[in-house]
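Student: Here is how the chains run, residue by residue.
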Amino acid sequence: MVPVSSYMLLAAGMFSMGLYGVLTRKNVLGILLSVELMANAVNVNLVAIGRSLGDGRGEAFALFAIALTVAEVVVGLAIVIFLHRSRRSIDVDQAASMHG
Amino acid sequence: MHLLTLIVLAPFIAAMVIIALPDRARAATRLVAITGAGVSLAGAIATILQYDLARGGLQMQKVVPLVPSLGISYAVAVDGWSLSLLLLTGIILFAGCWASWTVKDRDRDFYVLLLVLSAGVFGVFVSLDMFVFFLFYEIAVLPMYLLIGIWGSTKKVEIQGPLAPFLKRLDIGGREYAAMKLTLMLLMGSAFILVGILALYMAGGGKTFNMELLRGNMVMSRDTQLWVFPALWVGFGTLAGLFPFHTWSPDGHAAAPTAVSMLHAGVLMKLGAFGVIRVGMVMLPEGAQAWALVVGIVASINVVYGAFSAMSQKDLKYIIAYSSVSHMGVVMLGAATLTVSGWNGAVFQMFAHGIMTGAFFALVGLIYEKSHTRDVASMGGFAKFMPGISVVFTLGCLSSLGLPGTAGFVAEFLVFLGAYKSAHGWWMLPGILGAFITAIYVLKATRQIFWGPFPEGRFEHLEDARGTEWVAISMLAVCLVLFGFWPNLALTGVDKATVEYLSRVVGTSVAAAGPALVP
Amino acid sequence: MKSQALLLLVVVLPALCAGVTGLIPYVRRRGMLAGTLSSLTVLATLVMSLVLLGRANGGEKVIVNVQWMPEAGKTLAEFGLRLDGISAPMLVVVSLVAAMVQIYSLSYLHEEPSESLGRYFTWHSLFVFSMQALVVSTNLMQLFGAWELVGLCSYLLIGYWWAKPSAGKAAVKAFWVNKFGDAAFLIAIILFHAQYKTWDIDALENQVRVTPPGALVVLLLFMGVMSKSAQFPLHVWLPDAMEGPTPVSALLHAATMVAAGVYLLVRFFPVFAANADALTVIMYIGIFTALFAALTATVQTDVKKVLAYSTCSQLGYMVAAVGAGGKLAAYFHLTTHAFFKALLFLAAGSIIHGVHSNELPAMGGLWKKMKLTTVLFGIGVLAIAGIPGFSGFFSKDLVLEQLEHHTVVWVVGLLTAGLTAYYMGKAFVLAFAGEARSDGAAHAHESGLLMTGPMVLLAVLAVVAGFFANPFARLTHLAEPGFHLTTTGILALVLALGGLGAAWLFHGPRAKDPAAVPGFLAPVDALVKAGLVDRFYEWSYRVVMLGLAKIIGWVDRYLVDGVMNLFGWVALEGGAALRVVQTGRAPDYVFAVVVGLVALMAWGYVGG
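Protein chains in written order, with the numbering used here: chain A, 1 to 100; chain B, 1 to 519; chain C, 1 to 608.
Incorrect hints may have been included.
With a straight-line cut-off of 27 Å between C-alpha atoms, the simulated BS3-like cross-links for lysine-lysine are [stated by the list, open to error]:
#1 C:K305 with C:K369
#2 C:K169 with C:K550
#3 C:K305 with C:K164
#4 C:K164 with B:K314
#5 B:K444 with C:K164
#6 C:K305 with B:K314
#7 B:K444 with B:K155
#8 C:K305 with C:K512
#9 C:K164 with C:K529
#10 C:K74 with B:K421
#11 C:K371 with C:K305
#12 C:K197 with C:K74
#13 C:K164 with B:K384
#14 C:K550 with B:K314
#15 C:K169 with B:K444
#16 C:K529 with C:K512
#17 C:K550 with B:K444
#18 C:K169 with C:K529
#19 B:K314 with B:K155
#20 C:K61 with C:K2
#21 C:K371 with B:K384
#22 B:K421 with C:K197
#23 B:K155 with B:K62
#24 C:K305 with C:K368
#25 B:K384 with B:K314
#26 B:K421 with B:K384
#27 C:K368 with C:K512
#28 C:K512 with C:K371
#29 C:K74 with C:K61
#30 C:K529 with C:K305
#31 C:K512 with C:K369
#32 B:K314 with B:K207
#33 C:K550 with B:K155
#34 B:K104 with B:K155
#35 C:K305 with B:K444
#36 C:K197 with C:K61
It is worth saying that the hints were derived from the structure and are not from the lab.
None of the values given here were measured: they were computed from a predicted structure.
Go ahead and model the full structure; you've got the sequences and the hints to work with.
Tutor: Given below as structure tokens:
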């Protein structure tokens, strides 16, 4: 049986990769993908820890989170499409009109 | 339906109906608004008729629990004070709806906000529950921001004075500036009020917000009262134009559209004074007595300072706005006297000043609409083309300077009498001085605007009020004279409530000994 | 009809008339209709007043009160009607002079625009209402209310020609000065209530006997009188008030409104008499005004100004008489003065109507053109000069007799009598004798019946009123009657004849330059031209009042409001300083979140 720490390491790696992506990517789609990576890292943790504790709630929670992520992706993609329509670009640096 | 609830809800329902109306329904919008205001006015009159003057006290009480665990309930009732103030609000709102007839830009939104605001005002005057009271208070204050910011007028002013280098960025004179200033200053006041109300609530053991219930089980030490009272005084006082927190008033009133100025100076400022007396003084007798001297001195400053400031103004709306600051000082002076005459005068002055300043702002709106200027110095001889307006304006001036036969006299006289009979008799002098200065500046303004030769060629198409424009000003003019000659219409009820509340504040009964004379 | 109802009608009818002529556009736009309506109303009032006078003479006394303002469940102020020997004659005087003046106005102002006339008569009716309400007052408070309302009517009527800047200034000045005096009056009222808990005439009379009021209170009350009855130094508004139409000057600024102050003194005489010191001050102010105004009148060239200062002077007589304790003398002089001064003003109006000028030097020789007016004006002059047989002789003699015990005051009073005869005689000879000195005077014409009729009636009264001194005294219960010729009377007569003689000598047709100021009056002329009193008021308004307003206005806008704005500025600047943090780039915000998260975790690890 794979120890739970391995899962947690995997999740930490996925999270760090996602975070790196969010911070460095200029392409909104890329950022969106990175966010997905971070979200799924959390899901991996939930499932793994739930399993090791013998508690089904972790898996249930993960399922719930996946469903929510779908909704989030839909909204995110909608924003991307809208951004593309209005600016002909999905470069995140150019979408900085909210600056103070 | 419960009459008081009807009065509060009628403008609100009218507002909802207007939202549902199609965009271009100009006439229908006005009709609905006027109907809503009319229902409230009729309700106010019906309340006065139903109120049992002989019995006095709180009547038509209705309590609906809202959050029982916190002791919040919708509790409304009327006493002799709220009778007059309901009537005042009804009259001003009704007149204001007529005076807004010519609003063209986004008129639906305008009427909706105006009506919602009035619902809040009605609510404050009848609420017994301080939580709901505060809620209504905020409903009454906040729409002002939009009403002034969207429909207001902008007037560029030159920034001078020692602080000028700092203030260049402020866009002083702009309507957004005025709206923001008004809202921020009043919200600062609200913060103080909230603190005060919560202190009262906690002193009652956190069981109820109802002022009548609270009175029975409230325990508050003198020391606590000493800091809670000033919080309520400054908080409510800001709305009543308390010096030095009055500066939102000239800018706000000058920038606001006609009906908004009418409601704001005519009714909203009274919310502040009403709050100081009804919540501050009546609920905190020891605090009120300890602070009476300070309240009176600041009020005296208000009266004289406001009058002199008004005298130095050149813009007609600023003159009227500063005169409001001065007259609200009379209200606060009356409150500070802690005498029957003084309190009667204070409440009657709220009424009289409301009607008078409502008339003034309606008139200024008309004059501005026709002449496109508010600069008094550039006017002259307007009586030639606007005889009707000039007569009503003069009447307003006469009430303002306290001429017998107008409502203003009754109010000011009672306050001065109370001031002399109070613990600080000299308070009478600033009051009378203020009235004299008022005579100087209002007559000066009247002469400059309406008398003298007409400057040919400078004004085109000047004309008297016509059609619907007459409704608001003639209504208010009639009220000024009616209540001047027959003050008992309102004063009998006011006196009843005064005796009851003042007895609580001074600790002994102030009712006159011997059999009461039936009017 | 019952007296109560009559009394109520006398007060309310003019108010209703004002409502009809003022509020119904159909009537207001037809000036003559409004005028007729108004005149008929005031005639009806006159008839009712006469009936009431008869009843009061029969000893009837009516007092009705209704509550006006409550205090703590009881009555604070009342509104009432009072008929007695003091109010009844004043009711008649007011309605009589008002009726004559209104009828006269119908003709005098017939060239005015119809609309303006409607306004004119509305104010007139309003005035009659206010004045009658003042006369029938049962208490000080109501009297004050009506007192200010007549002041309002005065303001409105002086400003009748509002397009004229001088009329506007005069009207506003009249209001301000009156308001100043009324402020003192108001303080007095409040002090009275604080001390006696009542304003009722009878109750006050009873109470002041027990505890007399302080001199300050009485003098504050008297300040109200000073402003309304144009006593020095609050007289400045009266000469300017001549900017109004002449009939207005006759009714308000000669016969009735300005006499309200004297009426108050008579009505509340026990209150004033309760403080002897105050009464003495009142006497000195009165007699000084009499002399001062008479001297000023001698060098005026405008016929209306002459009459205005003469009114001031005569009011000074009345006030001085009250100060010396002669309430009957004052009241009787008030009555006769109302008749002959109204007559003089209306006659002056007739001259002005004919000559189209107010200036005496521009007149002359009018005797040939306006015979009736000459006779009527002459009667007025003889009455005011105090020639036996005319009413002024009797009333002025009563006044001077009262002053006998105060030698200085008495001498000044006699001197003023001589001066009065001189300046009135001067006005008469300048206007009517000699040759015409201008085109206007050469083409003058007699006025119509509507104007001469009222004047004739007033002239008759100006002659015969004097013979009613004894019935008047009985009616008013003010003092024991008893008219007898004394040294004072003879001295006054001699001085009056001397004054008239001097007028003929210096200004008659034989004089070298009739209009010139004689040498012995040159210092007076210089002083009057310097206008010190007026300049003092001008200074206190322009420098003190406007100066203070400027200073306070500046402080408010730039200091008080400046500090408020400073808070706004601090918020704005603070925001501006912090805004650089907001780049608007999403990754920057994520980075901030991560840094924050790491910091929190580190803090938890280290500190936890």
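Student: Does each hint hold? Answer for all of them.
Tutor: Results for each hint:
1. Our distance criterion of 27 Å between C-alpha atoms is met by C:K305 and C:K369, whose separation comes to about 23 Å.
2. Restraint check for C:K169 and C:K550: the C-alpha separation of about 21 Å stays at or below 27 Å, so the hint holds.
3. As the CA atoms of C:K305 and C:K164 are separated by approximately 18 Å, the hinted pair is consistent with the 27 Å bound.
4. Pair hint C:K164 plus B:K314 holds up; C-alpha atoms about 22 Å apart against a cutoff of 27 Å.
5. A distance of roughly 15 Å separates the Cα atoms of B:K444 and C:K164; the hinted pair therefore holds under the 27 Å criterion.
6. At roughly 35 Å between alpha-carbon atoms, C:K305 and B:K314 are farther apart than 27 Å, so this suggested pair is violated.
7. Proximity of B:K444 to B:K155 is assessed by CA-CA distance (about 23 Å); at most 27 Å being required, the pair is judged to hold.
8. With a C-alpha separation of about 24 Å, the suggested pair C:K305 and C:K512 falls inside the 27 Å cut-off, and the hint holds.
9. Distance restraint check for C:K164 and C:K529: the Cα-Cα separation of roughly 23 Å lies within the 27 Å cut-off, and the hinted pair is therefore satisfied.
10. Straight-line distance between C-alpha atoms of C:K74 and B:K421 comes to about 17 Å, which keeps the hinted pair within the 27 Å bound.
11. In summary, the hint linking C:K371 to C:K305 is supported, as the alpha carbons are separated by about 23 Å, within the 27 Å threshold.
12. About 12 Å separates the Cα atoms of C:K197 and C:K74, which keeps this hinted pair within 27 Å; it holds.
13. Between C:K164 and B:K384, the direct Cα distance comes to roughly 12 Å. Compliance with the 27 Å bound is thereby established for this hinted pair.
14. Taking the CA atoms of C:K550 and B:K314, the gap is about 11 Å. The hint holds against a cut of 27 Å.
15. Simply put, C:K169 and B:K444 have alpha-carbon atoms about 9 Å apart, close enough for the 27 Å limit, and the pair holds.
16. Of the pairs offered as hints, the one joining C:K529 and C:K512 holds, with about 23 Å between alpha carbons and a cut-off of 27 Å not exceeded.
17. Proximity of C:K550 to B:K444 is assessed by CA-CA distance (about 15 Å); at most 27 Å being required, the pair is judged to hold.
18. This hinted pair checks out: C:K169 and C:K529 have alpha carbons roughly 19 Å apart, not beyond 27 Å.
19. Among the hinted pairs, B:K314 with B:K155 is consistent with the structure: their alpha-carbon atoms are about 13 Å apart, no more than 27 Å.
20. Between C:K61 and C:K2 the CA atoms are separated by roughly 12 Å; this keeps the pair inside 27 Å, and the hint holds.
21. A distance of roughly 40 Å separates the Cα atoms of C:K371 and B:K384; the hinted pair therefore is violated under the 27 Å criterion.
22. For the hint pairing B:K421 with C:K197, the CA-to-CA distance comes to about 11 Å; that is within 27 Å, so the pair holds.
23. Restraint check for B:K155 and B:K62: the C-alpha separation of about 47 Å exceeds 27 Å, so the hint is violated.
24. As the CA atoms of C:K305 and C:K368 are separated by approximately 24 Å, the hinted pair is consistent with the 27 Å bound.
25. For the given pair, B:K384 sits about 22 Å from B:K314 by alpha-carbon distance, which is consistent with the 27 Å threshold.
26. This hinted pair does not check out: B:K421 and B:K384 have alpha carbons roughly 46 Å apart, beyond 27 Å.
27. The straight-line distance between the Cα atoms of C:K368 and C:K512 is roughly 21 Å, inside the 27 Å bound, and the hint therefore holds.
28. For the hint linking C:K512 to C:K371, the alpha-carbon distance of about 25 Å falls within 27 Å, and the restraint holds.
29. A C-alpha spacing of about 26 Å is found between C:K74 and C:K61, which places the hinted pair at or below 27 Å, so the restraint holds.
30. Annotation: proposed proximity of C:K529 to C:K305 holds, straight-line Cα distance about 14 Å (limit 27 Å).
31. Simply put, C:K512 and C:K369 have alpha-carbon atoms about 23 Å apart, close enough for the 27 Å limit, and the pair holds.
32. With a C-alpha separation of about 53 Å, the suggested pair B:K314 and B:K207 falls outside the 27 Å cut-off, and the hint is violated.
33. Simply put, C:K550 and B:K155 have alpha-carbon atoms about 21 Å apart, close enough for the 27 Å limit, and the pair holds.
34. Restraint check for B:K104 and B:K155: the C-alpha separation of about 20 Å stays at or below 27 Å, so the hint holds.
35. A threshold of 27 Å between alpha carbons decides the hint, and for C:K305 with B:K444 the separation of about 25 Å falls inside it, so the pair holds.
36. Taken as a hint, the C:K197 and C:K61 pair is honoured in the structure, with Cα atoms around 24 Å apart against an allowance of 27 Å.
This entry does not satisfy hints 6, 21, 23, 26 and 32, going by the numbered hints stated previously.
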